[in-house]
Every structure is written in C-alpha cells, then in structure tokens.
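Novice: Chain B is already provided as a structure; the job is to place chain V on it using the hints.
Here is how the chains run, residue by residue.
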Amino acid sequence: MIDWRWDFTLEILPRLAIATGQTLLAALLGYAIALVLGLLLAVARRTPWRAANAAIRELVEMVRSTPLVLQVFFVFYVGPQFGIRLSPWTAGMIAIGVHYASYLAEVYRGAIDSVPKGQWEAAKSLNIGPWRTWTGIVLPQAVSPAVPGLGNYAVGILKDTPILSVIGVAELMHTANAIGAESYRYLEPFTLVGLIFLLLSLPAAAAARFIERRVRARLGVIS
Amino acid sequence: MDTDARPDMPMVRFDQVTKRYGDLVVLDRLDLEVAAGETVTIIGPSGSGKTTVLRTLMTLEPVDGGVIHVDGEPLTHMERGGRLVPADRRHLRRMRGKIGMCFQQFNLFPHMTALENCMEGPVHVLGMSRAEARARAEELLEKVGMADKRDEIPARLSGGQQQRVAIARALAMRPRVMLFDEVTSALDPEVIGEVTRVIRALVNEHQLTMLMVTHQIGFAREISDRICFFDGGRIEEQGPPAELLDNPRKPRTRQFLSAVLDAH
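Each protein sequence line maps, in turn, to chains B and V. 1 is the number of the first residue of the first sequence in our numbering; add one for each residue after it. 1001 is the number of the first residue of the second sequence in our numbering; add one for each residue after it.
Chain V on its own, in the form it takes in the complex:
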C-alpha cells in the first residue's frame, strides 16, 4: 500500500508558516519538512512553538500565514481555480484523516471502555462495521499490551495504560502521520518505559511518519532520524541525533542541551 507516495515529496511540509496568539508570535515563518517514514523529534524551551507545530498540523489551531502541506497536498488551504484559498470543512476533514495525534493528557473518552475508545473513530468516521472495528481495535490493543484491559474505562487505568490505549485509538484510524505531543510528560517515571516501548515498536515496524515533541532527550536520541531544536518559533538547528546532541553548532542549542542534561 501507499506506493502512491511520491518519494520526492515530503510527507509534511511547513512553508513559511506563521502563528500568533495576539501579539505573541509562536511560529515565525517556519519551514519544516518531514519525509515519508521519517521520525522527527522537536525539542526546545517551553514557548518555543514545539507543540504549536503539532497542533496546527492536526488542524486544532488555524495558521495565520503560510501553508502546511501533507502528502503532497495543501492542508490549511485548497486549490481552487489554480489559486490557494483557505480550506473548507470538507477538505479539512479529508486531510485530517491522514493524521493521528496523541496528547499529553491522553484525552481518552472517559465514558467508554478502552475497546470502545478504539472503535469510536472506525465506526463513526470510517464507517466500518462494528465487528470489523472491534477486531481491529482488539488487534491494536494487543499490540500496545492492553488487550486484557479492553473492557475497562479510562478511570480504572494508570496513566501509562491510558496513553497506550490512546496510541491504539489513533492508530485505528490508519493515519499516515502520527503526532506525539509530550506523551510521557504527565506520566509517573516508572510507567514512562511502557509508553516509549510502544512508540519504539511503531518506529520499527510501521511505514508511519512520526513527529514528536518530547523532553526526554535520551528517548529522542534513540528513535529519531532527525532532531529539530526550536527557539522563538523557528528551527534554530537540526540534524541527526548524534550530530545535534553531541556537537551542537549554535550557542543557543548548547545552552539548552546543557541545561536539560544537567537537570537529569
């Protein structure tokens, strides 16, 4: 499948994207490309626009300038009569189907069991039969090691367990791009490993394109093809983990890394 992906075409491309909250510029003419199948991690100080990259990509926030492309098509805009106009609802819904997201606070639906959480999208969005959606949800819960808890509601699960269900829920929609927004930040230290294990397995076996924001530098080093250091709404420096983390060129990167690594 997915042989239609053009190898020359990045899966995700931010083209001069600007995002403001009032006077505060969170993304400042950002250019960012992520190749199909690539795993890219964004690190940087808080307020540097890391999370906003993921949120604009998931269309949770509109952009104020520039264009985001996904899978060779504009996401925030659409072509009409040879011109780019802001995307309408239908276009957004079609494009959104290519993207999945996991959140810091999990955001599982509290009134549904783990299994129902994973069936909700497939049944009500993809139009799958309940039997088909159930089989797929069970398979994915198995994969994240949550098969035995499939009939529990989120309140009865630990943070790590909830996050693993949330990953299965996002995967059930068969996204091309997965976004992980500080998915281990709200977890107790002893359960972080069970979530990172699941993400690591995804990197290895899927053709997924992954974009991740994390404070766990060690984990980022291990799974990323590339790490981007964000500062002031732009990429200050980027490169393969070994390069960026061990030989940062920019003083700002060095300063951030030493502060973060000291804290650990």
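If we strip away everything but chain B, and leave its shape as in the complex, we get:
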C-alpha cells in the first residue's frame, strides 16, 4: 500500500516552490553563460591562428568527454587548493556553464559550417570586414540550423541542474533530499520533484519547437 500523505505534501510545497525558482535560475544562468561562451569558442575555432584553434578543440573535447558531476566537484573542491575559493553557486554556474558551452560550441560550429563557402567569398568580394561578415552575413544564417540543437541543450541543462545539489546549491534535488533527511519521508518530495521537472521540461521542449518553426518561417524557404 502506498503511504502518500497529502498534509505533508501541502506542507513541503512552499519549500519546493522556492527551490523550483532556484532550479530555474540555475538553468537560465548556466544556459546564458553557455550561449555566450559557446559562441565565442565556435567563432574562435574559425580563426586563422592554428595554435588557438587546436587548443580550443582539445579543451572542448576534454570538457565534453568528462562527467559534469566531476567538473562540478573539481571547481568547488579542488579550486581552493589553488587559492580559488568559490561559493557553491559561483562554482556551480562556472562548471555547468563551461560544460554546456562545450556542447553548444559544437552546435554553433555545425551551424556555422553549414553556411556555404560562397557566402564568405561574396562577403570578401564586397570587401566586407570580418566583424560585419560574422554579425551581418554568417551568424544570421547560422541561427536557423542551430536552433534545434540549442533547444535540446536548454532542456538538457535544466535536467542537469540537480547535479549542483552535490555541492550544496539549494535547488529542487537538494531541497527534496533535505526534506527527506529531516522527516524520513522521501516518497512525496521526490515524486513532486519529478512532477515539477516534467512540468518544466515539457513546455521548454514545446517552446524550443515553436521557436524553431518561427525562425524557419522568417527565413522563408531556406532550411
């Protein structure tokens, strides 16, 4: 017989609501860092400077090939040995932001590579400088092919925020765990966390698909 207690459920809801805010904040901040840093990494991959190019490629590969949870631990617990003392939030945002930046860099890179070489040549033949070529010609065309990948990782980063609980960021997972430890009741908090993630992920995925359609439509027939 399942022992579900509604009074307990109602009692922990406010705490989980606050934690939901923290989860969303962590996902949004981490995603914002990843969006910007990933773009910088992808653009840097295109620089003519070979050493920088190779260094970034290896760095991205290294970050992508090791577990996020390890990176979170590393930044938070190993950092102080090098005199870098960070709060759980800062360490968490750096770790998850850099981790997802390495994924998004690949999404951007694929999208940038899908812009035909002739576009770069046309820009050059019109004497358009590197800055305008990137911002006015190449990146606008890379948006459409990048959107599906960017959308997937937006949902992905949301689902990875529980990893931050291991260093004490008070997001949903951490809060549910704390409730369980205090009350010896795990059924309600973890079930609720699962439901909350479902309620967050499904609309996020739908929003990603919606944006994808909008971008496609705005660019006409190009895909």
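The set of hints was computed from the structure by calculation and includes no laboratory data. None of the values given here were measured: they were computed from a predicted structure. C-beta atoms are modelled at their ideal positions from N, C-alpha and C, and glycine is treated no differently. Careful: at least some of the hints might be erroneous.
To be verified - For lysine-lysine, the following DSS-like pairs were computed, each having C-alpha atoms within a straight-line distance of at most 30 Å:
id: 1; chain 1: B; residue 1: Lys124; chain 2: V; residue 2: Lys1143
id: 2; chain 1: B; residue 1: Lys117; chain 2: V; residue 2: Lys1149
id: 3; chain 1: B; residue 1: Lys124; chain 2: V; residue 2: Lys1149
id: 4; chain 1: B; residue 1: Lys124; chain 2: V; residue 2: Lys1098
Unchecked claim - Some, not all, of what chain V presents toward chain B, calculated at C-beta under 10 Å:
id: 5; residue: Met1058
id: 6; residue: Leu1060
id: 7; residue: Gly1066
id: 8; residue: His1069
id: 9; residue: Arg1094
id: 10; residue: Gly1097
id: 11; residue: Phe1103
id: 12; residue: Gln1104
id: 13; residue: Gln1105
id: 14; residue: Phe1106
id: 15; residue: Pro1189
id: 16; residue: Thr1196
id: 17; residue: Phe1219
Specialist: Showing chain V alone in chain B's frame:
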C-alpha cells in the same frame, strides 16, 4: 572620373603568377594583361586555371609565385622600402575595393532582400548613408531590370533574377574591374539571355574593365575585345574573337573549339 588611369598602364597585369593546389599547378607562370576598359574572356577546358585567374584577382586565393598588379599597383604584394613584400590586410582591403565579382552560384545573402543585398556593401564598407545607398541600389536594380523585385528575398527569385541582383550588388561598390565567373553556367537555358543582356549593356555603357570566364562561345565572341584560350595554367593562344575562334593557330585550340562547338 578615372582620368588618373595611366593609359600606358594595363588595368590588370599578371606577372609570372603561379598557383598550386598541392602538387597540382593551376597557374603556371602566367602572364596576362587587360587594358583599362577592355573586355577579355577566358575559355578553356576545365582544370585549365580559368576560374583561378578570377579567384586570385579577387584575392579569394593567395598566389604562390609572381605578382598581380591592378590599376598600376601590386595587388598581392605591396612596396615597402623599395621592395615588394606580401600585402597586409589593409593593403588587400584597399585594393579589393577596385574589383567586383559575380559567381556561378550567385551567392546572394539569403536573409536579405534584393535591395538589402545591394545596400550591404555601400553601407557597411563604403560608409554611405542608408538613404544614399538605397537610392543607388534602386537605380542599379532598375538597370538590371529587377526594380519590381527589390523587396523579395533570393529564395523567391529565379536563377536569372538572382544573378542580375548579384551583378547590381557588385556594381554598387563602384569597382574598376568586374569579374564574371561562369555566371550563366548554373542557369536554365531560357533565362541565360536575361543575364547576358545585362552584361552586354555593361560592356556598352561603362568604362569598366571586364574579365569573364564562360563556356558560351557565342556570347564571348559577341562582347569580347579579346579571347584567351587557357590550357595547363597558361595562355595557349589569344586574340580578337574573330581571329581566335575562326582561325585558331594552335592545334590544341582547334581541338578544344571543335569539341565545344560540336556539343552545341
């Protein structure tokens, strides 16, 4: 305008230019001169280096040897302390402004309308005001017969229409030299005429120097001052259209021409 052009100075001069892709030599110590206002067409088998002439001139590809001069100045190099050194970015940008190019695949910017395509360079490179650039772009689109389609994006235009917009876009930068790289090769036969008409008009009314690569021998005959037959990265034979096409001296030229004319 342009009275500063020295009549004794060719507008374009390839001086012993070599270009390799790995072991493959595409331009082999090429010497080629094009006078100001002259229209020169390059014909030849594929792989003979025709397109590479245009691409090195547009600085899309660096050369491996020799020097290209444009308008009396070195393009690929610059003078420093009386010596020629490889051109830096600034020199390349200044020289590139003298040259415009149209491509086989048009390469219009797909996220911009025809008008925006023609305004992009003038606004962001020449620093024109949007109003001025717009007026000029409209004038040029009118000239290529695309004024009524100025607000369409390229995906909504036919190949011939896109190529005409691409010509207007290149002209908007006021180049001294225009390069046409097989601009009709990707077009359906029935729209080739609308593009060649535009190019023909340019030959007649502009002081432009034009360098063209084409497979359309008939069109080349009609508009060219001179035709160069390329083979193996060099000019095998050149001359006025009537001479080169009707009385080719070299066997290789004859062989190529008969093969091409048979195919038509």
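Novice: If a hint holds in the structure, say so; if it does not, say that too.
Specialist: Each hint tested on the structure:
1. B:Lys124 to V:Lys1143: holds (24 Å)
2. B:Lys117 to V:Lys1149: holds (26 Å)
3. B:Lys124 to V:Lys1149: At roughly 25 Å apart (the allowed maximum being 30 Å), Lys1149 (chain V) and Lys124 (chain B) satisfy the hint.
4. B:Lys124 to V:Lys1098: holds (13 Å)
5. Met1058: This hint holds: Met1058 (chain V) lies near chain B, its Cβ roughly 5 Å from the closest one there, short of 10 Å.
6. Leu1060: Leu1060 (chain V) check passes; min Cβ-Cβ to chain B is 5 Å, inside 10 Å.
7. Gly1066: Violated. Min distance 21 Å.
8. His1069: Because about 19 Å separates His1069 (chain V) from the closest Cβ in chain B, which is outside the 10 Å limit, the hint is violated.
9. Arg1094: With a minimum Cβ separation of about 9 Å from chain B (threshold 10 Å), the hint on Arg1094 (chain V) holds.
10. Gly1097: holds (5 Å)
11. Phe1103: holds (6 Å)
12. Gln1104: holds (9 Å)
13. Gln1105: The hint holds - Gln1105 (chain V) has a Cβ within 10 Å of chain B, the shortest such distance being about 5 Å.
14. Phe1106: holds (8 Å)
15. Pro1189: Hint on Pro1189 (chain V): violated, closest Cβ of chain B at ~23 Å, above 10 Å.
16. Thr1196: Nearest chain B Cβ about 21 Å off; hint violated.
17. Phe1219: Where the cut-off is 10 Å and the nearest Cβ of chain B is about 22 Å from Phe1219 (chain V), the hint is violated.
When the structure is compared with the earlier hints, violations turn up for hints 7, 8, 15, 16, 17 and for no others.
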